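Trainee: In case you want the letters, here they are:
Protein chains: 4
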Amino acid sequence: MALKTVDEYRERVSRLRPRFFIGGKRVEKLNDHPVSRSVIDATARVYELTMDPKYSDIMTAKSQFTGETISRSLYIHQNSQDLQRRLDMARMNSQKLGTCNYRCPGNEMLPGLAATTWEMDKEKGTDYHKRFNEYLKYAQKEDLVVSGSVTDTKGDRSKRPLDQDPDSYVHVVERKSDGIVVCGAKQHSTGAYTADENLILPGLSCEKGEEDYALAFVVPNGAEGITYIGQYNPYSVEREYSKNLQYMGNPIYGQRETSLIVFDHVFVPWERVFMCGEIDYTQRFISRFAKTHRMNCGGACKVGFMDLIIGATQLIAEYHGISKKSHIVQKITRMIQLNNTCLACAVSAAYMGNEEPPGSGVFMPDDAMSNLSKLNTNESFWEVLALAGDIAGGVAVTMPSEMDLENPEIGKYVSKYLKSAVPAKKRMRMLKFLQNWVAGLHGVGTYQGAGPSQNEMLVLYRITNLEEKKKMAEELANTYY
Amino acid sequence: MALKTVDEYRERVSRLRPRFFIGGKRVEKLNDHPVSRSVIDATARVYELTMDPKYSDIMTAKSQFTGETISRSLYIHQNSQDLQRRLDMARMNSQKLGTCNYRCPGNEMLPGLAATTWEMDKEKGTDYHKRFNEYLKYAQKEDLVVSGSVTDTKGDRSKRPLDQDPDSYVHVVERKSDGIVVCGAKQHSTGAYTADENLILPGLSCEKGEEDYALAFVVPNGAEGITYIGQYNPYSVEREYSKNLQYMGNPIYGQRETSLIVFDHVFVPWERVFMCGEIDYTQRFISRFAKTHRMNCGGACKVGFMDLIIGATQLIAEYHGISKKSHIVQKITRMIQLNNTCLACAVSAAYMGNEEPPGSGVFMPDDAMSNLSKLNTNESFWEVLALAGDIAGGVAVTMPSEMDLENPEIGKYVSKYLKSAVPAKKRMRMLKFLQNWVAGLHGVGTYQGAGPSQNEMLVLYRITNLEEKKKMAEELANTYY
Amino acid sequence: MALKTVDEYRERVSRLRPRFFIGGKRVEKLNDHPVSRSVIDATARVYELTMDPKYSDIMTAKSQFTGETISRSLYIHQNSQDLQRRLDMARMNSQKLGTCNYRCPGNEMLPGLAATTWEMDKEKGTDYHKRFNEYLKYAQKEDLVVSGSVTDTKGDRSKRPLDQDPDSYVHVVERKSDGIVVCGAKQHSTGAYTADENLILPGLSCEKGEEDYALAFVVPNGAEGITYIGQYNPYSVEREYSKNLQYMGNPIYGQRETSLIVFDHVFVPWERVFMCGEIDYTQRFISRFAKTHRMNCGGACKVGFMDLIIGATQLIAEYHGISKKSHIVQKITRMIQLNNTCLACAVSAAYMGNEEPPGSGVFMPDDAMSNLSKLNTNESFWEVLALAGDIAGGVAVTMPSEMDLENPEIGKYVSKYLKSAVPAKKRMRMLKFLQNWVAGLHGVGTYQGAGPSQNEMLVLYRITNLEEKKKMAEELANTYY
Amino acid sequence: MALKTVDEYRERVSRLRPRFFIGGKRVEKLNDHPVSRSVIDATARVYELTMDPKYSDIMTAKSQFTGETISRSLYIHQNSQDLQRRLDMARMNSQKLGTCNYRCPGNEMLPGLAATTWEMDKEKGTDYHKRFNEYLKYAQKEDLVVSGSVTDTKGDRSKRPLDQDPDSYVHVVERKSDGIVVCGAKQHSTGAYTADENLILPGLSCEKGEEDYALAFVVPNGAEGITYIGQYNPYSVEREYSKNLQYMGNPIYGQRETSLIVFDHVFVPWERVFMCGEIDYTQRFISRFAKTHRMNCGGACKVGFMDLIIGATQLIAEYHGISKKSHIVQKITRMIQLNNTCLACAVSAAYMGNEEPPGSGVFMPDDAMSNLSKLNTNESFWEVLALAGDIAGGVAVTMPSEMDLENPEIGKYVSKYLKSAVPAKKRMRMLKFLQNWVAGLHGVGTYQGAGPSQNEMLVLYRITNLEEKKKMAEELANTYY
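Residue numbers (the working numbering), protein chains in the order written: chain G, 1 to 481; chain W, 482 to 962; chain E, 963 to 1443; chain R, 1444 to 1924.
Hint data in this document are derived by calculation from the structure and do not stem from the laboratory. Predicted model only: the values in this text are computed from it and were never measured. Here a beta-carbon is modelled for each residue, glycine too, at the ideal position from N, C-alpha and C. One should not assume that every hint holds.
Unchecked claim - Facing chain R, from chain W, some residues (calculated, C-beta under 10 Å):
{"no.": "1", "residue": "Lys806"}
{"no.": "2", "residue": "Ser807"}
{"no.": "3", "residue": "His808"}
{"no.": "4", "residue": "Val810"}
{"no.": "5", "residue": "Gln811"}
Said to hold, decoys possible - So, partial list: chain W residues that the calculated Cβ filter (under 10 Å) puts toward chain E:
{"no.": "6", "residue": "Gly636"}
{"no.": "7", "residue": "Glu705"}
{"no.": "8", "residue": "Thr708"}
{"no.": "9", "residue": "Ile710"}
{"no.": "10", "residue": "Ser717"}
{"no.": "11", "residue": "Arg720"}
{"no.": "12", "residue": "Ser740"}
{"no.": "13", "residue": "Lys805"}
{"no.": "14", "residue": "Ile809"}
{"no.": "15", "residue": "Asn859"}
{"no.": "16", "residue": "Tyr898"}
{"no.": "17", "residue": "Gly924"}
Using the sequences provided together with the hints, build the complete structure.
Mentor: Right, dumping it as structure tokens:
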């Protein structure tokens, strides 16, 4: 069995010394800062769940190389049922963590890498696939956390990379005999600074002349030349200055923590380069990553979040004594409708999945359904938040702190006036948990993570066979006369 | 092979002499009236498709009794893949007909009947299941069209049947040694007057004292005491008085034709009675029928209709020279999104289906997903119609008739002023086809067929495990302290 | 007083002999055909309302020329209160007729004509305004019905008029000493064939070279060379073949009847030409007409329709015994919300109206609010229809005919099984009335009449002062540092 | 002129010593804490705007008592134009502050108090109106900030006050010769701790036996027995620990700050009591306050916020180089549509306002339109946030801090990789400003402030004349036969 224990993971991460900044300050040890600690704690929980026999069907799989039991996070789907299990894992992790599980995006890149490197080797005689397989064996054996990053910083998006600061997109600045040197930065990198390895995919469908940008590779956390700059929003501040984690909305695991990864002349040895210059394949990399990502992170993961939000909202309605009111029942039902609709799209994406490309042995979710999974989630998640905020009431944002409850002078007031059908503390914690959703980063985060709606709309239009539908209509309308 | 040819069907139906009225007049022969003829033609087309080797996977199955090839319309699903095939059939029939295939509702009652009669026999020692199996063998052998009806006329819905005209719901008025005598009426009966047999299910979840209403049975078309009164709306009138079918929006197959079936002391022999008095089972009958019906008729069937509407709308946009405009592309994509979302729910309902009750050998779609399939279709279909009407333009309702085009005096004007990027005739036919959708019965029909939204909302709320979601939220919010 | 009685109107219209075709047949006398008769009856009702002292505030005004009492349909708004009265008239007419009042579109062109001809005379030294005033005096004195038409047939909309059949847009083909000769056709012309006069405005914002298309004029009904081809949809057929008007959904007044007006070398004397060649003014004509039209026909008129639909839906809910159910109350309230929102936009358009151009004495609704009025109505009306259909139930489209109720053989069944908390006849009439809305032309008609959503979106974006909003944000975000 | 300068205000507020807690700590001087300071700064800005001659039409009015120029915040509307000016003030304050102006809720209670005390005096011979007028004269003369609070803490909302902790609603615990003693607490009190006076209205429509709860009064800030507990969410923490206000999303004025006001045996002299025991009038108080509040705070205020959000979103789109993309234009237009719709409802509420009760001299907005104004704003504001987040991109929540930009080690990276078409600093400030909206308290705050949707739905249903609409439909459908 190639699974590592949670202690092994914690020990390993405690030895990492990335160049990591947050809130304008350098953080020496990742465990020192409450924000990076929340990422470690979330990841650690995933290691626990993976070892839990109750969840082994969902959390583990058999390595295609060795037959050994490995984390599903390092597995390549080989059939439709694998895809189904994969989305079950995404949903369950979300239910258990209320935030990113930090092993997800990297994992979602693996099938696309396997498929596209296989294709390149076959069509162009490269040896990317061989390298990739070697790397994957290593990662499986060590049960590594592999983060995945794709979004370049882009600068002025009306311009191509070569028409502006060339570092606006990650690219090769030097090719050497033993490897390449890379510059640029990836934003929105989820959990990169606590991962063992950072996997990088191209974020741009490259055109002729942009060969330096057609680039996929992996580097160890903290490789020479890498700087991580953590996101920093009010929730980051709240956690940084918190006297007691219990005062937070998601006490242990926090919000979803990303960073900007800056590559300042970073060297990558050839055996860790999985594409370099093959512009014709960038779109396939992106599209294969996207469809896997949109089924899981875009869809099933958020279904898990919505499960939590629905549960919390129902509890607050009960705490407030209004859960039987017909308009509350109607709204809770609407939340259920939205949540299940997102689930249905992800399930269909798995069920209707296919081997792609044929012969590669790699299974991909159905293109239309995976994009739809993400597209519907954008709209649904936002509406679910609105409904949660509607039911919870203004107190979700105007509430005092649990510190007020503990203050000897005013604790009695808070206790008296914040109680409802349940004691103040219980109610305040659930409200604070909901605050984390309805007034936090998850609304925008969910809209954007795995790509905003317009991306999925473009794909849906492009892949739909309108000719077929036109023919059906013509036949019935008899325009052939 | 137990399949009948389209000619055998046509010959059989030409011999039927139901007591059928439409538009205030008695119709002696079903082929005499253009409305009933459209139902026959649609049904005949289904017989053709069933015999077409290209579609045999979808349209046929193996009888569980004889192993013979039978129409899937008379088949009981035995696994999840059967459910998938069933929804493929629903979608394809809709694509080919643009209206009801008239073998659907009856078929959707069969699994519920199989399951619930099996359960009653097991639990109450009745012999309903045996009777049902005998009947089903007969229907399969003769390849019969079996209509299905469930909705009572209800009178004042704030009252139970016994608190008003007792005939407001179909019920037994006399029990005899050889059978029962039945009164009442079922509305919205799709294709009943051209079917070989009319299958009747209870439309009411019966309470104690309402034993006479807990009733399921089948009778041959035109049994003594039955009167069919056809629906009659502007589209019925248009067809009735049409000089040429080509002037219609769905020339051959027309709109969905239903009728009111009146039972005025109709005798049903015991061997055709599948429930009589078992009030505890009415809810199960309804729920099992509903979940099958909502996946197919509620979901997949309308996906087929939306395929047609999208195709027609895209064509009109092309005819008008606006199909590349960004707002048109955006709207077509939205239609695709809605259509695929409905499909995803139906597919998930099939994929997540289960044997119900265990041991019965009958497969049912997932309860949540099948209800969702219908619920989302209600909203989506209406929006798809709005978008189709938006894109097609006012001419979809203000257009002249093809008769004007053929008129020697003004034909040249119509030809000149109704042409666009295509000739007037081609455009007018496609507009007329769209008129049939955007200004016809399908909007309301789709909302109501298989039950209005509130029904599905109630089921969704009832079957969702809110306790589980609450527990997840409590764990993360740490209200256990 | 310059008002004519309803009898005078009826007498006048009975003398008209336009070249009118419908359903492929020539109609010699307008009163002969049930469709054209419904237009006459609706118009006649407006004459009655105008004479009714109860409504004189709303229906009449004082002529700016003579001070005499005239129909508000022939009045030019001179202040914000006039605009308010105008929308009150639009709403009330809709409430009383359930269809077009047929004096509306022409009226909505008058202020734009007054303003723009005034402007042209002032800026270009033409005498259009003088001609227009003479014409308006005449129309006021005779209390004429003036129809208004704007939408050309357009052919292939990706092409300008000169790049395709030049008759795709109405244009001058010859300029003579005493007048002009005109070719082309206008579609969607509401009530044109029963009006006294047909007012024609350009439907295209003309560019250089398209001077022949910059054209506004008025011609008497049935002028030499004009042919009217009536719209013909299932509702037209139903009325044509109806044995008794009471069997219709809107018995007397029917659906909104439009026609295609074909101009085949029609001569227009110069005194009836209000623009000819002034391409720079076509956009102003369109925009001024549009803003008046979108407040009234686009907004207030449909508020009146929605009043009717809400009333009918509430009645059906009561007839069915479900009006107190919480989900029904919620849906009725939603309908009220939508209806009042459309009203609010129209009211604001009137309230925020301005003299345009300054000095002209003509009042125009606020541009943003009038466009919004129409834009919101498109979406709201469609949703109101959906809710009406949801509450009414499938019987709104599957119902039998009142002829079945009167049939001696089956009348007893219809009477028994269509009754609810009220007798069958009452219920059937109200359902038939709703059918006219939820399964008729009004959904698409309302979306398109006064221009589809994209038109209003374009105007809204164009006229909004985004710079001002940007500055506000910059000030607070302190990007000036 | 009875206006005070901003310095006079600042001097006055610096002398206040309320018992104020926030984040578990007592704050001695209001200027000491960055959160309370932001409230003072926002209020001070309103004093500045009031003195600015440019805005005197909007910000000032003439006292009905003295004819002197006073702040419109202390004025009672006397006609429809006053209402219009009032909403102009609400909108402009929001545009200038990006948060509450803190003089609004108190002001919105004044007309309801004037009207209802007038009515009570007239009908019950009390002298509440006289007291109220005396108080108002005083407030006008001193140009006081009067906060307004209405929402009780409610405890278990399924129970009336007397069935649970009686302090769940503010009530009288003792009546004395010179005044009353009050217990309970009001939540969501906006700007109460920096106001001069706290005005308290009943939050419950009282029934017989609940006379002690039918209570309206005003007390000076920091009266004996009052404790203020400030809201405390991540944005409060961010401000508390901020090293530089410029790093905040709304640097000076912050988010909307409310508090829980606890009344622990607070004495109120009779001359400051405006109702005590008149249960029949509580509903009128609430309804009159609500309709004024829903037009302004519910409607116009949020229109001002949406102006800011639209401006900021358009800027970010320009910064990112995507503002001309058709889907961005479409979305910006949708935001404009929503914003103007909310404005239209508020404008109509003012325009259709009425004297209420007749003879009182007090003008109230139209009931339906003011409720609609709030109801539409709930839905619109949430959608505007979603669109802003969609356009701004994930960086709105994942962005680093301006402290990172100033850090000597990594500033160059942030500067390089956060720039777009504009420098990093400019872009980061605008993103941070948007973050304040799309990931902050305003989504829920706007939904709940002035009452959640269900409240407005209930009012709309109750006040709509359905009988009238039913009659219209019956007339046309001819159910009278």
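Trainee: Next, verify each hint and record whether it holds.
Mentor: Here is how each hint holds up against the structure:
no.	hint	verdict
1	Lys806	9 Å, holds
2	Ser807	4 Å, holds
3	His808	7 Å, holds
4	Val810	9 Å, holds
5	Gln811	7 Å, holds
6	Gly636	6 Å, holds
7	Glu705	15 Å, violated
8	Thr708	6 Å, holds
9	Ile710	5 Å, holds
10	Ser717	8 Å, holds
11	Arg720	9 Å, holds
12	Ser740	8 Å, holds
13	Lys805	8 Å, holds
14	Ile809	9 Å, holds
15	Asn859	8 Å, holds
16	Tyr898	4 Å, holds
17	Gly924	6 Å, holds
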